[in-house]
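On the provided structure of chain B, position chains R, U and L with the ligands as indicated by the hints.
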Amino acid sequence: MSGDKNVAFELEIPANAKYISLARLFAGSIARRMNFSEDSVDDLKIAVSEMCTNAVVHTGNGTAEKPPINIRFIMGEESLTVEVQDRGPGFDPRCVLESPPSELLEKGFGIPLIRSLVDVFECQSSPGGGTKVTITKFLPGRERG
Amino acid sequence: MSGDKNVAFELEIPANAKYISLARLFAGSIARRMNFSEDSVDDLKIAVSEMCTNAVVHTGNGTAEKPPINIRFIMGEESLTVEVQDRGPGFDPRCVLESPPSELLEKGFGIPLIRSLVDVFECQSSPGGGTKVTITKFLPGRERG
Amino acid sequence: MVDNEVREGSELDIALEHVGDHSIVVLSGEVDVYSAPKLRDTIKNLVEEGRYRIVVDLEDVAFLDSTGLGVLVGGLKRVKHHQGDLGIICNQERILRIFRITGLTKVFTIYSSREDLLASIKGA
Amino acid sequence: MVDNEVREGSELDIALEHVGDHSIVVLSGEVDVYSAPKLRDTIKNLVEEGRYRIVVDLEDVAFLDSTGLGVLVGGLKRVKHHQGDLGIICNQERILRIFRITGLTKVFTIYSSREDLLASIKGA
Ligand SMILES: Nc1ncnc2c1ncn2[C@@H]1O[C@H](COP(=O)(O)OP(=O)(O)O)[C@@H](O)[C@H]1O
Ligand SMILES: Nc1ncnc2c1ncn2[C@@H]1O[C@H](COP(=O)(O)OP(=O)(O)O)[C@@H](O)[C@H]1O
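Residue numbers (my numbering), protein chains in the order written: chain B, 1 to 145; chain R, 1 to 145; chain U, 1 to 124; chain L, 1 to 124.
Keep in mind the hints are simulated off the structure, nothing from the lab. None of the values given here were measured: they were computed from a predicted structure. Treat the hints with care, as some may be off.
Stated by the list, open to error - Straight-line distance between alpha carbons at most 35 Å, and here's what the computed DSBU-like set of lysine-lysine pairs gives:
1. L:K106 <-> R:K132
2. U:K80 <-> B:K107
3. U:K122 <-> B:K66
4. R:K66 <-> L:K44
5. U:K80 <-> U:K44
6. L:K122 <-> L:K77
7. B:K66 <-> U:K80
8. B:K107 <-> U:K77
9. R:K132 <-> L:K122
10. L:K77 <-> R:K66
11. L:K122 <-> L:K106
12. L:K38 <-> L:K122
13. R:K107 <-> L:K44
14. U:K106 <-> B:K107
15. U:K38 <-> U:K122
16. R:K66 <-> B:K132
17. U:K38 <-> B:K107
18. U:K80 <-> U:K106
19. B:K132 <-> R:K132
20. B:K66 <-> R:K107
If we strip away everything but chain B, and leave its shape as in the complex, we get (with noise of 0.2 Å):
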């Protein structure tokens, strides 16, 4: 796949827990063209599903007519961007945990889980906006420019 700039893909699925599974496989298949490592495949598939999810759980899981989630692969000669899109309430990203919690609790581990596995991980969400979560993850040895 070299040679290429910055090719993209776009994905809208509903915005429906049992479409996420689509998401996560177009991801890994996208990932895999682009010689990841099988390893960086699973957390790529992994960032995906937990966009996918935030977005869809907070879209209102196919309660109602509910505006679908866009998913935006961007696929650059050293990494792999994508950004999942949502048109739910939005929330203040500076609430969000940096870490696992130390608690034992039930949720939080989605954004933490995120952070772990790629190389940059962007949110811009605002109450009442929607929510705009993006990641990179660079091949091996391509870090960082």
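Positioned in the frame of chain B, the structure of chains R, U and L with the ligands alone reads:
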């Protein structure tokens, strides 16, 4: 996957031959989740591949900054519909062969093959206006209402 | 060429086995936000039946995400309430990693195999 | 759980074998508009080397589309020009079907296995 009416997925891929396999893979995954038989999954993968091939080839197959190909999957309760839209030169669909060519030609197999693998085939195109090809395949026992 | 992609489809199969007072919950497939409620219900039912020694076998799990972790932590809390325990059987690095990153290797008893579990039940 | 989805990636591997005056082109992977040129070049090179008895082994092909058919027909025309032949080895229904639908089962000599081909070479 029952209980859903017309769930739609959208996929946008660059107009480049090397990404057609991703569209095919995605088509297969959707078809399997709808419980199409493995034979029908194959039929759909071939049909989608042929549709994307025509779209990509006639949009210049990655020769320059070409507009992407849009693929829409509509999961109905009884059928899967796939639309492939390109922004290529378009053509007069009346010129297309209904069945495989009778002389030994190296081309012209695409559309006859699609037609024979799916239940409904539609082509909207006009010279200069891009092309949208739509196919539908019914789940077994659900053919033509 | 076998095509296993079909099995990547967030399908989760759950089988139950009882060994002495231990209940083994054998998972196969993918544990994500779509399939996790099935696991949550299974554990909840066991606890309601008074079975507080639960071991979840993750050897055939192809994918596990934070929702799956949450369900396991929830199960652990439930059984602890009754002086029980919830452990996992897992020898897959791709899955163990997720527990390690989230600090949960310290929280769950981890058996590296079915034999490992059975030996520990016998030894007890 | 083995994950073979990776192999669904329109990768085409081509190996060549020569048996007497026959050249066997062994394909594995997917033949589509992206990978077909590789097959076209392989056949073209054989013909340029004066090898006009070509058999394409499709047993390990997971996917073949109209572009692949076109390349095979092109190869057949080329070798016919030199009084040669281009056959296929294929026993996979999913692939044979494509030849049947397009009327090409009448055009290509089809061997159901490698043994079938070798027997016919010997018998000739
Ligand atoms: N897409 C989103 N839309 C709205 N809120 C979100 C979104 N993603 C994350 N959040 C907020 O961030 C919090 C932490 O997310 P996460 O770390 O994934 O854990 P969990 O989802 O288990 O709470 C969530 O509880 C939620 O309040
Ligand atoms: N998306 C498209 N854009 C423009 N022309 C198209 C498109 N799809 C098909 N065609 C026209 O229809 C013809 C027949 O297509 P097909 O049956 O797939 O065979 P082939 O592509 O091998 O010629 C093509 O040669 C082309 O002229």
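Here is how each hint holds up against the structure:
1. For the hint linking K106 of chain L to K132 of chain R, the alpha-carbon distance of about 33 Å falls within 35 Å, and the restraint holds.
2. Pair hint K80 of chain U plus K107 of chain B holds up; C-alpha atoms about 18 Å apart against a cutoff of 35 Å.
3. For the suggested pair K122 of chain U and K66 of chain B, the alpha carbons sit about 53 Å apart, so the restraint of at most 35 Å is broken.
4. About 30 Å separates the Cα atoms of K66 of chain R and K44 of chain L, which keeps this hinted pair within 35 Å; it holds.
5. Proximity of K80 of chain U to K44 of chain U is assessed by CA-CA distance (about 13 Å); at most 35 Å being required, the pair is judged to hold.
6. The straight-line distance between the Cα atoms of K122 of chain L and K77 of chain L is roughly 25 Å, inside the 35 Å bound, and the hint therefore holds.
7. Of the supplied pair hints, the one linking K66 of chain B and K80 of chain U is violated, its CA atoms being roughly 39 Å apart against a limit of 35 Å.
8. For the proposed pair K107 of chain B and K77 of chain U, the alpha carbon gap of about 13 Å is at most 35 Å, so the pair holds.
9. For the hint pairing K132 of chain R with K122 of chain L, the CA-to-CA distance comes to about 52 Å; that exceeds 35 Å, so the pair is violated.
10. Of the pairs offered as hints, the one joining K77 of chain L and K66 of chain R holds, with about 34 Å between alpha carbons and a cut-off of 35 Å not exceeded.
11. With a CA separation close to 23 Å, the supplied pair K122 of chain L and K106 of chain L stays within the 35 Å bound.
12. Note on K38 of chain L and K122 of chain L: the hinted pairing holds, with a Cα-Cα distance of about 30 Å set against a maximum of 35 Å.
13. Taking the CA atoms of K107 of chain R and K44 of chain L, the gap is near 17 Å; set against the 35 Å cutoff, the hint holds.
14. Using a Cα cut-off of 35 Å, the hinted pair K106 of chain U and K107 of chain B holds, with the two alpha carbons roughly 17 Å apart.
15. Between K38 of chain U and K122 of chain U the CA atoms are separated by roughly 30 Å; this keeps the pair inside 35 Å, and the hint holds.
16. Between the alpha carbons of K66 of chain R and K132 of chain B the distance comes to roughly 27 Å, so the proposed pair stays at or under 35 Å and holds.
17. Taking the CA atoms of K38 of chain U and K107 of chain B, the gap is near 17 Å; set against the 35 Å cutoff, the hint holds.
18. Proposed proximity of K80 of chain U and K106 of chain U is supported: the alpha carbons are some 15 Å apart, at most 35 Å.
19. A distance of roughly 31 Å separates the Cα atoms of K132 of chain B and K132 of chain R; the hinted pair therefore holds under the 35 Å criterion.
20. The straight-line distance between the Cα atoms of K66 of chain B and K107 of chain R is roughly 44 Å, outside the 35 Å bound, and the hint therefore fails.
Hint violations for this structure: numbers 3, 7, 9 and 20, all remaining hints satisfied.
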